[in-house]
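Chain by chain, the residues:
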Amino acid sequence: DSGVTQTPKHLITATGQRVTLRCSPRSGDLSVYWYQQSLDQGLQFLIQYYNGEERAKGNILERFSAQQFPDLHSELNLSSLELGDSALYFCASSSRPFREGRREKLFFGSGTQLSVL
Amino acid sequence: DQQVKQNSPSLSVQEGRISILNCDYTNSMFDYFLWYKKYPAEGPTFLISISSIKDKNEDGRFTVFLNKSAKHLSLHIVPSQPGDSAVYFCAASAVARGGATNKLIFGTGTLLAVQP
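Protein chains in written order, with the working numbering: chain U, 1 to 117; chain C, 1 to 116.
Please keep in mind that the hints were generated in silico from the structure rather than gathered at the bench. A portion of the hints provided could be inaccurate.
As the list claims (entries may be wrong) - Simulated restraints on C-beta separations:
hint, chain 1, residue 1, chain 2, residue 2, range
1, U, K57, C, L11, 49 to 57 Å
2, C, I53, U, G3, 24 to 32 Å
3, U, N59, C, S10, 19 to 27 Å
Said to hold, decoys possible - Simulated coverage check for chain U against chain C, where a stretch passes if three residues somewhere in it have a Cβ under 8 Å from a Cβ of chain C:
hint, region
4, 34-45
5, 48-56
6, 109-116
We treat Cβ as the ideally placed atom computed from N, Cα and C, and that holds for glycine.
Turn these sequences into a full structure, and let the hints guide you.
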C-alpha cells in the first residue's frame, strides 16, 4: 500500500459528461501529480500541484482541470468527455520539491479506470 | 515527442536467468532516472533509481546501469523469479527552473514474463 488513495476505482460515463476524480496523498506529502495512461501508452504527465499551487503542467487538455485543497487532497475534473478520454488516471504524491536539495520519488495510487461510452 | 523510449514492448525469460530491460532517452537535461514496476490493477511502485553522477546502482537482485554518452539505461534482474512478472516503466526527470517540480517522464513500459 503506497498510502495514496484514489476514488473511485472505476467510472463509466457517457460522452459529453463531466466527472471528478479524487486523490488523497500520503500523509505529510505536499505535492500531487496526475498522470494518464491510455492503451499502449506510457504514463503521460498531466499536472502537478504543490501545497495548493499549480507547479507544473504537461499535456493536459483545456477540458481538464485540477485543484489541490487546503487539506492537500486533489481533484481532477474532466469535462465534455470524449471516447478518447477513456484511460487509467493515476495520482502520485511526493513530499517536497527539488529545491529543498533532494530528489523525491513518486508514490502512486492504484488509479481510476475511466470508461467513456 | 517521446523523450523516454522503451523499444521492447515485451520480454520473456526463464526463471533463474537474467532479465535485461532497456531504456533510451533523448533529453540531455535528464539527470535522475528511475524504474517502476506495475502489476495489473495496481499503481506503479518504485523499484530503483540512479543519479547521472553514477553509472551503476545495485539493490539486491536489481541493478541499473546508466550510459550517459549513449543516453541509455538498463535494468538487470538476476536471478529472475516468476513474481517479477510485471510491466516495468523507465522514468526520468530534469531539474526544473527554480527547482519546482519532481515530475517524471515515463516510457511506454516493457511487459516482463518470467517462465517457471
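Going through the hints against the structure:
Taking the beta carbon of each, K57(U) and L11(C) are about 34 Å apart, not inside 49 to 57 Å as hinted. The supplied range of 24 to 32 Å is met by I53(C) and G3(U), whose beta-carbon atoms lie about 29 Å from each other. Checked against the given bound of 19 to 27 Å, the beta carbons of N59(U) and S10(C), roughly 26 Å apart, stay inside it. Here's how the region 34-45 of chain U fares: 7 of its residues keep a CB closer than 8 Å to some CB of chain C, so the rule of at least three is met and the hint holds.
Figure legend: the region 48-56 of chain U, annotated as covered by chain C; annotation consistent (4 residues with Cβ-Cβ distances under 8 Å, at least 3 required). Residues of the region 109-116 of chain U lying with their CB closer than 8 Å to a CB of chain C number 3, which satisfies the three-residue condition for coverage.
Taken one by one, the earlier hints fail for this structure only at number 1.
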